[in-house]
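Those protein sequences? They're chains A and B, same order as listed. Just so you know, we're using this note's numbering here: the first sequence kicks off at 1 and counts up by one. Just so you know, we're using this note's numbering here: the second sequence kicks off at 1 and counts up by one.
Treat the hints loosely; a few may be bogus.
Just the calculated beta-carbon pair ranges, DEER-fashion [to be verified]:
(1) B:E69 - A:L80: 32 to 40 Å
(2) A:P444 - B:G29: 30 to 38 Å
(3) B:G29 - A:K434: 24 to 32 Å
(4) B:Q161 - A:D61: 40 to 48 Å
(5) B:G29 - A:D61: 53 to 61 Å
(6) A:D88 - B:S55: 37 to 45 Å
(7) A:S478 - B:S55: 35 to 43 Å
Covered stretches of chain B (in silico footprint by chain A; criterion: 3 or more residues with CB under 8 Å from a CB of chain A, positions within the stretch not fixed) [what the hints assert, rightly or not]:
(8) 181-190
(9) 204-215
In short, the hints are calculated from the structure, not lab data. The beta-carbon is built from N, C-alpha and C at its ideal position, and this holds for glycine as well.
Take a look at the letters that make up each chain.
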Amino acid sequence: MADLFHKKIRAALDDPALQAALDLNARRSREACWRAYTSLPEPWEVMRQRAHQMRAQVIADLDRYLEQFTGCLQANGVLLHWAQGAGDASQIVLNIAARKGAMLVAKSKSMVSEEIDLNQALQSRGIQVVETDLGEYIVQLRGERPSHIIAPAVHLLRHQVGQTFHQRLGTPETGDVPTLTATARQVLRQVFLNADIGISGVNFGVADTGTLCIVTNEGNGRMVTTLPKTHIALMGIERLVPTLDDLALMLYLLPRSATGQKITVYTSLVHGPRGPLDADGPEERHLILVDNGRRAMRSSPLAEALSCIRCGACLNACPVFQEIGGHAYVSHRGEGSPYPGPIGSIVSPGIFGQADFGHLARASSLCGACREACPVDIDLPALLLRVRAGLVPGTTQSPPTRQIPPNPPKPLLLGVMIYTWFASSPGRYSGALKFVGWLARYFPPWLRLPGFTGWGKSKDFPRPAEKPFRARWQERVSTKSSSNLKGRSDSASHSSTNHPQPLIPSRENSVTKPVTIERSSLITWFQNELTDLGGEFYLCAPEDLAERLIAFFRGRGIARLTAWSEGFFPPGLIQRLITAGIEIQHQPDPAIQAGLTGAIAGVAETGSLLIPSGQGRALSHSLLPEIHVVVLQARDIQARLPEVLKNPELIESRSSVLVSGPSRTADIEMTLTIGVHGPGELHVFCLDETPNTAG
Amino acid sequence: MNQAVQLMITCILDVLYPETGEAALQVLGKLGLQVEFPSEQTCCGQPAFNAGMRSQARRMAEHTVRVFEKSPAPVVIPSGSCAAMLRHGYRELFREDHTWSLRVEELAKRTYEFTEYLVDVLGVSDVRASFYGKIAYHASCHLLRELSVDHQPKDLLASIQGAELAELAGAQECCGFGGLFSLEHPEISAAMLQRKILNIQDSGADLVISCDAGCITHINGGMHRQGQPERAVHIAHILASDGKKP
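Only chain A is shown next, with the shape it has when bound in the complex (with noise of 0.2 Å):
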């Protein structure tokens, strides 16, 4: 019945180039996380364990916090809408689309627009729909599906993207990785510029704020939810958490799990559309909420597969991915999946039926990979186990829980059920081991087992022993009256020891606790994280402030600037640049290679830095031009994430951003490379008035 899948996994197997790309996927993505949870507040089996309950809580309650949520949304002003299925959330979108007579949309990445085709969807009606994220785009180009939920190009080597550019692109063929994300963002700029509608996932909502969080290393996120008039939001029903600690957790495991960084480069925060008075924004932003099947899996068995967040670690881990790759997880009809790999392998037949994918889950060998490196626990080999059960939801309309008989092939089926058949009688068990080793006396020491059987093409099979154990014990327990070996007996002591518990922390999040810790010891610690990231950071008292800016805009042939409104930056400091000769702009400029703004708060655990929106601040300034200059003040550096987002300002903002370093891809090859969509380059000065004092 899956005849198909097991060809995909021959040719994967057969494929030179996809092996080198898988090896280098597994030996990268492993090292990089694991360093990666070292730098984590509290031990990493704590946290996750945290996130393993906050999540199974919001899945318990859904409809509690779905209802606070669409609540805060509306107050925001963001337009709602529900879909039930996969033509439902596509249909829409449509509309949307024909409402705003829409030619163009760019899309950052959303697992949940693969899982509904919408691409498909929006060509069907003549609208040209571009993938924005440096791997998606890629795979778009080559009319493939993303081989993986966070790397859509990982079966890919850097010359096999050349060609492609070169067949789609016309540009000369290259295997220079900077020159092939340059072209990207050459190209997909005019995209973001021009699109009518941008199309975004959502990695989180937050219910008692209303909060959309999307996170993105290239600048996509941020591109395609604040310059194109209409921002359409695509979610999962799931993927809430109640607060913004509970966001502050996530955002502690997510981005070292899936790509080993310690956060996101631009974690957006957003509200509502842009407000009457904004520099900038989507004038509507829409959230459509996808069901699609969630609801009937929330109330099924595979219900704990709910709490995943899509950051792809499961895959990283597994040895049967690396060895297969995304592309091979497919339908017994041939078609593929948008969620590979084990949780895939869940996801896929909860979601999509049994009967299609079912036989994904036992291409497995419940190593446990899997759960082991899943940042919210999620015990993916039991899930596994309950869909080789046939223990999934009904199709979204019929009960939501229906047994579908188990779907071993037949031959496995048939031992199986003789095997049983033996091993549930200790006197035809005994008697079958008694004429396996009567037989073994006429075998070689090591069997070569046809070849369908399975074992057989790649290993021998040792002889069976001559005499079972159970035959030497009674052996041993007649011929011997030996003290310590003794068949039945009750008059032993023995131990009652229980086994230790796991360890099931407190709800309680205490990384919020309030850490002091000098401004001193913050700076440096900000510093040294900015600069880990490829930022550069300058410590400067206010006084000389303009002079130092200045001469660094001299010294990189700066003339012009966009930057926000006067009154958010130390009083005359843009008078003396425009005195210095510098032009300032305050309405945002692609053509513009420089872009000032400050920022609200600073994270010294992350290096990153909270910058909102509104009246006088344009997100534009520090997302178009290729330098972006920040002016941070000491006294706003906090130690840790938690208590940034705690900032009444940025839950006032309609959007804000944070912040972390240049931004950056790891699509081709894992190559790290700066500069895609947002700026290449982040200066920050900080200002500290009392220098050598503590605050």
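Based on these hints, arrange chain B on the given structure of chain A.
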């Protein structure tokens, strides 16, 4: 120490490697334990459980629970995978059956993998074994990730007189056995095994020690097919060894 333990031999050791069972007996005997062998035992039911055939798995599991609950003595299993089945798999298998769940929990809390029992319960991490050669440790998946047993076998190996411990790259990676997985997906299984074999060769170890006969059968089966000396050995052998190659 005059404690009694029940030995669950597992189907693989019973049929393929009875001498491994005898080695385990020898180690347990040396420590003064009274070993019981309930002879009605058969198989824990994991093959059917992993195949998704739960009613078949239940028949074997119920039988196993009945056999081992007759005595209150701890159950010691020289296999991480079968011990994990009794401790975790049964919980899943009977999760909607309250009566059986209680029986399963009671048995689970006195069920131990062999090295776990030696180190955690008996507090013994040196069994006065000796072996003169280079050994490497392959961490079996269920032992490591379901039972979290890792330092126990390593402690025992570290105290073997004369043994030089070799580093095995990817020691925690699956060998590709996975029970019926190796039959259903032989190509993937073979590719995973090949990684393991190459790492074993690179380690330069004379022996690769594992606590699971499934991995041993798989690794040695692959090495034999490739004309290489089979180097995977169950930990019971080396713990029972007195200097000679087990």
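For this session: Please flag the earlier hints that this structure goes against, numbers listed from lowest up.
Result: 1, 4, 9
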